[in-house]
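**Student:** Required output: the full structure, derived from the provided sequences and hints.
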Amino acid sequence: MLEITLSKKESYTLIRLNGEVDASNSVELDQAIQEILAAGTKKILVDGSTLEYISSAGLGVFMSYLEDFQDNNIAFVIFGLNDKVQNVFHILGLDQLITIEKDQHEALARIYDA
Amino acid sequence: MFRLPNIQLSKITVFLAILTWIGLLLVDLTRVFGNVNEIEVGLDSELTWILEIIFFILLYLFFSQSISRHQNENFLHLIWRAASTGLFATGVALLIVVLYNLMEDTALYSDPLLRNFFYHVNFALTSLFLVSTALLWKHLILYQRSKAVVQQWQAFEIILLVSMFFVLINKNDLDYGFFFGMTFLIIYSIILSANLKWIPYLTFKEKWKSILFLSTILICAGYLLYQTLDYSLKNPYFINLSQNLFLLGLFAFVIIYSLFSFLVTLFNLPTSSVFEQKLIEAINFQRLSQSIQPGENEEQVLDILMDSCMSAAYVDAAWLEIMPRDSDPKEIVHQRFISDEERLDVRQIMGQTKPFSDHLSNENNEKIEYIFGKIPHELYKSALVFPIRVNKKLLGNIFLVKEVKDGFNKEMINIISTFVGQASISVENYRLLNEAIVTERYKEELEIAQRVQRSLLPTELHHNTCFEIEGFSAAADEVGGDYYETYQFDDHNFALIIGDVSGKGTSAAFNMSQMKGIFHSLVQFGLPPITFLIKANNALSHCLEKNHFITTTYYLLDTASKNIRFARAGHCPTLYFNSALGRSEFLKINGMGLGMVRNQQYGDFLEEGKLTYAPRDVLVMYTDGIIEAKNLAAKEFGYDQLRNVLNLCHHLSAKEIKEEIIRKVYEFIGKDALPDDDYSLMVIKFIE
Chain A
1 MLEITLSKKE
11 SYTLIRLNGE
21 VDASNSVELD
31 QAIQEILAAG
41 TKKILVDGST
51 LEYISSAGLG
61 VFMSYLEDFQ
71 DNNIAFVIFG
81 LNDKVQNVFH
91 ILGLDQLITI
101 EKDQHEALAR
111 IYDA
Chain B
115 MFRLPNIQLS
125 KITVFLAILT
135 WIGLLLVDLT
145 RVFGNVNEIE
155 VGLDSELTWI
165 LEIIFFILLY
175 LFFSQSISRH
185 QNENFLHLIW
195 RAASTGLFAT
205 GVALLIVVLY
215 NLMEDTALYS
225 DPLLRNFFYH
235 VNFALTSLFL
245 VSTALLWKHL
255 ILYQRSKAVV
265 QQWQAFEIIL
275 LVSMFFVLIN
285 KNDLDYGFFF
295 GMTFLIIYSI
305 ILSANLKWIP
315 YLTFKEKWKS
325 ILFLSTILIC
335 AGYLLYQTLD
345 YSLKNPYFIN
355 LSQNLFLLGL
365 FAFVIIYSLF
375 SFLVTLFNLP
385 TSSVFEQKLI
395 EAINFQRLSQ
405 SIQPGENEEQ
415 VLDILMDSCM
425 SAAYVDAAWL
435 EIMPRDSDPK
445 EIVHQRFISD
455 EERLDVRQIM
465 GQTKPFSDHL
475 SNENNEKIEY
485 IFGKIPHELY
495 KSALVFPIRV
505 NKKLLGNIFL
515 VKEVKDGFNK
525 EMINIISTFV
535 GQASISVENY
545 RLLNEAIVTE
555 RYKEELEIAQ
565 RVQRSLLPTE
575 LHHNTCFEIE
585 GFSAAADEVG
595 GDYYETYQFD
605 DHNFALIIGD
615 VSGKGTSAAF
625 NMSQMKGIFH
635 SLVQFGLPPI
645 TFLIKANNAL
655 SHCLEKNHFI
665 TTTYYLLDTA
675 SKNIRFARAG
685 HCPTLYFNSA
695 LGRSEFLKIN
705 GMGLGMVRNQ
715 QYGDFLEEGK
725 LTYAPRDVLV
735 MYTDGIIEAK
745 NLAAKEFGYD
755 QLRNVLNLCH
765 HLSAKEIKEE
775 IIRKVYEFIG
785 KDALPDDDYS
795 LMVIKFIE
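Which chain is which? The protein sequence lines are A and B, in order.
Each residue of the first sequence is one higher than the one before, starting from 1 at the first, in our numbering.
Each residue of the second sequence is one higher than the one before, starting from 115 at the first, in our numbering.
Please note that a few of the clues may not be correct.
[As the list claims (entries may be wrong)] Think about it this way: if two alpha-carbon atoms lie no more than 30 Å apart in a straight line, the pair counts; the simulated DSS-like pairs of lysine-lysine are:
1. A:K84 - B:K724
2. A:K102 - B:K702
3. B:K769 - B:K785
4. B:K744 - A:K102
5. A:K102 - B:K660
6. A:K84 - B:K702
7. B:K444 - B:K519
[To be verified] Stretch-level coverage of chain A by chain B, calculated; a stretch enters the list once three of its residues show a Cβ under 8 Å from a Cβ in chain B:
8. 50-64
9. 91-105
In short, the hints are calculated from the structure, not lab data.
Note that the Cβ used here is the ideal one computed from N, Cα and C, for glycine as well.
**Tutor:** Spelled out as structure tokens, the structure:
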């Protein structure tokens, strides 16, 4: 089960992921990111504090947008991951490609510093 | 054993019959000659009778054979055969009458011998007609054979046989015995004539024809009877052949049966169309119920359905509205006897008229079986709408309209309902069958994929006496994305790889086979682990989809120097049991999945690990399926548990360690939980 909530704030868009991302619902995550990019947002925050599990298919979705983010100068930050999920990112090496912060406060700070 | 062929037998009977007839003629003429000239010729009337009996029997044998050969011809043909024989016999009789009329003034006119000759000709033809007709009637009577009817007929044949010999007893007298026998035969003929079951099977047109033929037979038989009796009254010098119970009995039977058939057919004419209708309905029903063959179309079923419904209710126009599958407009198929314009007109009116409007606007009401009623249209006054449902989903609506008010009765609706039900079943069966075929094909292809993929995983892993190695792999779906393999450079140098392709199922399996290709291409160069991974990443960047990646760890093992060099491309950290320390730990080095950074910077993310092994050390390579294996409580097996298992079983052989880990994992997830990822494992135990 995966629940994706999009909320558009003044200067950034927040994606809240609740539940598990696996092969069956990774398409939903992909669509959500596509929508945000289409809207022209330059700052994206992903709230992963209620993300229980992410499979390789889910990680693949984030990975596939890395180039887009770089090319279009989009700031993309994930925050609030639990240890287990954080470890999945780490083992794969994805934490070296995506900015991951502890909480929303730090994530916002990272976005505005850049 | 010698057997006479049928054809010859019938020829012989004909020949014998003709001979008997000639004999009969000669005997009788001699007797008449003696009679006229009052000379005793020494020939008794018994001889005449015996020859007559033989003649009858031969005729009977001949016809029963020749007719049974044509047993399966239709009724009309049988009746026509009787009628034509009758016409021929009557024609000849009339010709003789005409001939006599022409000869009225000549001496021949009163010549008793000539007169008797013609009498014998008439007698022969009449007998021929009667015997053949009686045997044709036999086929009509026995059309629906039951034991009782067959016995009835057999009894009749015996009675006829006996009646032939009756003449020898009563000496050609019209005594009481003769009348008694005659009455008996007439009554029996009436009883037999109740067997008229063939008549309902005639179509309307055939009935008219059979009425015509039957009346011909009646007229011919009547005339021939009159002719025969007339002779015996008018001629003084005369051998009477007609006062024979068999001949008169046959007359009675032929005439009575023809008369009954004639009357019954006549009275059956008005109801004939109903019977035909029912027969058509039964045939239609059978056509509908035969399930459609694969490759054929549902169209055909619907076509038969429309025809059946239309003929069952005598409708004037009809069409079928097929519900859209997706968002296509409604499709109109099988439009019958109505123009597009008229149809749209009627349809619009129905959309506004109760009770049709309710159903047509809300078509998902499953309770409605059918709707019928009046419609305010100038031409069509009543309508019937029948929804066709397949698998509880509405396939379409049949619209039937008639030009009369209240054109649909309960009977029609019942039969249409049956047709619709049967058609639905046929369509449903057809769809199920097609689905089954498609599924079957997928299954076969998956089986092939499974076989191919199994062959991608090695059955034997390279090793030497310095270490034991064991592998295991189980896929969650038919095909999986896990991969492991070994390669031997020389006596002491080996390459090992374990990998996991992102995603699962068929797409993962394809990527895995690419990984195998890359491994075998690159391994031969003996590259250091990092270089190996950089080259693999380059190659995969061109063939992996944007959102796919592969994690892997590549090891070089040298058993001479006891060194292991390895690099990790985003794969789960290797578990290593250090026998000197007496505990196991994960070899955490930096790494990055293959295909995640598709440029030259990729190498920057990698780090090489080095270690020197000691005997009794254990190296466990595995995929994330094992770590993430979940039990019913959604708890993961996890790294710690894996490490604990190895801590407990490190002293066992590689094979036993492998089995212990697998056992623990399956024990953890429980019997009821289904594995949702691929599990792979490779265990190395160092010996020296």
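**Student:** Each hint should be assessed against the structure and marked as holding or not.
**Tutor:** Do the hints match the structure? See the list:
With a C-alpha separation of about 27 Å, the suggested pair A:K84 and B:K724 falls inside the 30 Å cut-off, and the hint holds. Restraint check for A:K102 and B:K702: satisfied, since their Cα atoms lie roughly 22 Å apart, inside the 30 Å limit. A hinted pair counts as satisfied when its Cα atoms are at most 30 Å apart, and B:K769 with B:K785 qualifies at roughly 23 Å. For a cut-off of 30 Å, the pair hint linking B:K744 to A:K102 stands: about 27 Å separates their Cα positions.
For a cut-off of 30 Å, the pair hint linking A:K102 to B:K660 stands: about 28 Å separates their Cα positions. Pair hint A:K84 plus B:K702 holds up; C-alpha atoms about 16 Å apart against a cutoff of 30 Å. Between B:K444 and B:K519 the alpha-carbon distance is near 28 Å, which keeps this suggested pair within the 30 Å criterion. With 9 residues bearing a CB less than 8 Å from a CB of chain B, the region 50-64 of chain A meets the requirement of three and the coverage assertion stands.
Check on the region 91-105 of chain A: 6 of its residues sit with their Cβ under 8 Å from a Cβ of chain B, so the three-residue criterion for coverage holds.
Violated hints for the displayed structure: none, as all numbered hints are satisfied.
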